[in-house]
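Using the hints, put the two chains back together into the complex; each one sits in its own frame.
Residues per chain, in single letters:
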Amino acid sequence: MTLTLYGTEVTSRLLLGTARYPSPAVLQRAIAASGTEIVTVSLRRESGPDRAGQAFWSLIREAGVHVLPNTAGCKTVKEAVTTAQMARELFQTDWIKLEVIGEDDTLQPDPFGLVEAARILCTEGFQVFPYMTEDLIVADRLLAAGCEVLMPWGSPIGSGRGLNNVYALRTLRAHFPNVPLVVDAGIGLPSHAAAAMEFGYDAVLLNTAVAKAGEPEQMARAFAQAVVAGRVAFLADPMEARDMAAPSTPVVGRPFSARD
Amino acid sequence: MKVEVVGCGVAGLCAATTFAERGCEVRVVSKSNGPDASCCSWWAGGMLAPWCEMESAEPLIGILGAESMVFWHRLELKPVANGTLVVAHSRDLPDLRQFSRRTTNWDWFDGAAVADLEPDLAGRFSNGLFFSGEAHFHPRDVLELLFARLEALGAKIEVGRGMSTEELAGDPRDADWRIDCRGLAARDVLTDLRGVKGEMLVLETDEVSLSRPVRLLHPRIPVYIVPRGDNRFMVGATMIESDERDRATARSVLELLSAAHAVHPSFGEAEIVEIGVDARPAYPDNLPRLRQRDRTIFINGLYRHGFLAAPALARRAADWVLEGKQFDGAVDTVHGDWRAA
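Respectively, the protein sequence lines represent chains Z and R. Residue 16 in this note's numbering is what sits at position 16 of the first sequence, and the numbering runs on without skipping anything. Residue 22 in this note's numbering is what sits at position 22 of the second sequence, and the numbering runs on without skipping anything.
So here's chain R without its partners, still in its complex pose (with noise of 0.2 Å):
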């Protein structure tokens, strides 16, 4: 069987990489010459968080997440399982409990407990959400990982190769199957596909050390902090109705820099190394889908769950393709009819 992966943002590398390790001959064609900064997948914070992120996104995410974890487990660059912690400070309490009522698998934490975990946060919250069963890795790290092994896994990979609208609009000419990963460029034929757009920074200092990311919870600015090793912290991120996939906005930056410095107040005098934006490619109801029309499965919509999705995505794009087996939830239809015969 003969497939070809358009895109290698995490969706296509999960599904390249998927399609490879059954057995399939997979070519991966992309426009970048790799894993890049024009890719949403370069942007992303890499926090495995399936439970935390139950609190705004329906269960569909929850399964594909917990699915997903298996997969990342696997890998020879494996996740820091530290969990994450999620913190509010006192006058925004109620907003910790709400989070805890609309979540499961977390440990509620008094101050001692948080300084306990986090020693750089020692006494200035006095509580705190675990949630000791996630992790979170690199995601730059991981995307070259995947780039990389799928040569081994004897996969040829085009780069610099930008495949026409006519090419993509037909049925592959040189494959069996072709699974189109292009994130927000396949607007073009995933006509309800939207932009949101999310602006991210990335601080360096070796005055705060933390062992896992930290979620801020804030009714207008809520911010995660993600530790990366060599005193880098991913701090993110806008969310946005918008596809603009670039100017950071001054506002947006002064937004993320306060909820960090609330966060710990050396962060303050933290070098701003990294200012990234894009724009998240959307369903209306934010949910992944596949969808198929003739000989192309199109994996997208994975909005704010790339690193969470896309494995999970990725074994079910090639169940439908290698088994015929078709999944309610994350599939669609949005040419004529998928049903096999």
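The shape of chain Z in the complex, shown without the other chains (with noise of 0.2 Å):
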């Protein structure tokens, strides 16, 4: 059941944001609850130069798990190169979770400048997970650029909202059937969660989902808990759907099946 990234094993298939929680150490209890063992980090939003948001950090490093930083709020390639370039000598890794958004409502990929700085960054050694949209054509950008994790979208950042095109997810699946795919973003409820690793997606990231709920700890533990069960029934082989409403075999009381 582990899941390899980059090279690093991992048994959890969630993975967790740490903004916007109530308190240091609600979110503390959350990640121990949530047995995630890697956490994303937004360097722009809780720290100012010279390593100002030092006390959170280490709040964050006691919980034991690995950190994946991230380039939240980055709109430009120059950004999000720079960020990552920071995040790299405060934490000390090559992973880097690349957002580049490209509108302010949605806070969607601009899939442009993801994939650039996509290609800057592989260029200089990070390991990158970018954020996208389902688009398999950006999907091959990344991948070529030198990506070897993928992690589209559910829905827009933050929205709860689930896995707004199942569809095209499943598609995205089908075509890359050996890159690890790591649905992000949008995720609300832990059945979204079950959902994406019952069609075969290899882990879940979410943040707003558990850190804005009434209790996050026990959120983030029925997370925990949907994230296997849907990873448990994926590897089950699943019963396919039927069609009950056309019946195969003679209805009681007539002779003949409506189809002959």
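It is worth saying that the hints were derived from the structure and are not from the lab. Note that the coordinates shown come from a computational prediction; the quantities given were computed from them, not determined experimentally. Hints are not guaranteed to be accurate.
Stated by the list, open to error - Straight-line C-alpha distance at most 16 Å; calculated EDC-like pairs for lysine to aspartate or glutamate:
#1 Z:K212 to R:E55
#2 Z:K212 to R:D92
#3 Z:K212 to R:E58
#4 R:K2 to R:E21
Written as structure tokens, this is what we have:
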């Protein structure tokens, strides 16, 4: 059941964001309850120059999990690349979750900036986790640029809408069967996470759904269970859905099926 | 009983006031020349909103807040008791519903009721939550009033006196107890304190009039606007996990201004009278605490609940020192065993 991302093996297929919790203490409890082994951290908001956010980072480090810094809030290639470089220095990791935001309302990725930034960062030795839409061509370009993991959105960041375009997510899964795929953004309920795992996604990343729940620790536990449930179900080869409205055997009282 | 209070922010001034009113000989020592911009309380919003805060804060804050309201209403400078109005734009209505589910003591207002309450917001919001029991005041006026009252209460004041690390590390030399209210400066001793940076603005315009604080809910940039009189409005505040006490960023100011504009476009023509920044002292769970080390009690970690919690914490500190009463929750130890013999 282990998942390998850029050579690092983890058991938990739930990744957790660390923004917008009521307090660091609640965040620590949520991390513990979720069983996650990878958390994302937003460098831009939570620090000024001179490592001014040290206390917060220490609290996260105490949780003993892998840190995946992100370039949240970055809108240009230059911003994203600079943020990634700062993050590498601060957190001593080559991992970077790459967000290049194209639009303030939906916070959707700018696919052109994303691919360009990915290309630059991969060349500089970063291990890039790109936040993308479900576009197959963008996926292709990101892999060509050197990414080995893809993170398509479920729905806009923080919207809690779940999986907006299941068809597109399934298509992406089918087209890239050997690439670790992580659904990232828009997850609101454990059932959304379970659904993504059921049709074969490798992991799920979420933040708001836990941070903004009334009881983040409990919600984190629920998500942990959902991700496991979805993964186990996928491996157990689920039954196919049938159209029960079209009977295949004679209905009692009628000698012939309606189709004859 | 001689008590030395270090710091003249809201925590120190409430502590000094409480101990003086209970008959102690109080001396306030402050590095600054009285309440001023070097102190976090200076930048506060001045809202007394225990019920609104319950949306995100632990129940202890509601308890401390309700108790503190009594102290504030007792002062000569009474808070303006016009309640708080919480609004959201129609796309963020789910946030307003969620806010109502997580709080109490509100009335749900439709558009007409919002317009009745705040005529300048007529037609701008089709729903609102009105917390009628809440209040607001001008924090700087209150700090100055508390400071001025201390001398009438018989307290001595030593301003412009920064105490050395050595002095602060030991027991008070010329007092029975020290109440250390230094805020983030006490990190040298209270090692699990961190700063949470906040940026705020004061705008001035005569084109908008509000009678009470208005909180605008938003997934990324929630903001509150507090009327200060004289056509001035405090707009706040960011919450950034950083201990920077200066350097208001363009992004933060842009967000605050955008949010103010979203509440009422006339704020677009307002003059920016002030841009303020400081870092709130906070413990990991964002709850305030009393801590004891020998004959010093540290009141700290008030985070964004300075005015809301300071009087209640001062009362607990006085009960502790004068009556030996300890309280669970707001109290824990940092050094050794505080239990009375």
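These are the hints, each one checked on the structure:
no.: 1; hint: Z:K212 to R:E55; in the structure: holds, 11 Å
no.: 2; hint: Z:K212 to R:D92; in the structure: holds, 14 Å
no.: 3; hint: Z:K212 to R:E58; in the structure: holds, 14 Å
no.: 4; hint: R:K2 to R:E21; in the structure: holds, 13 Å
Violated hints: none; the structure is consistent with every hint.
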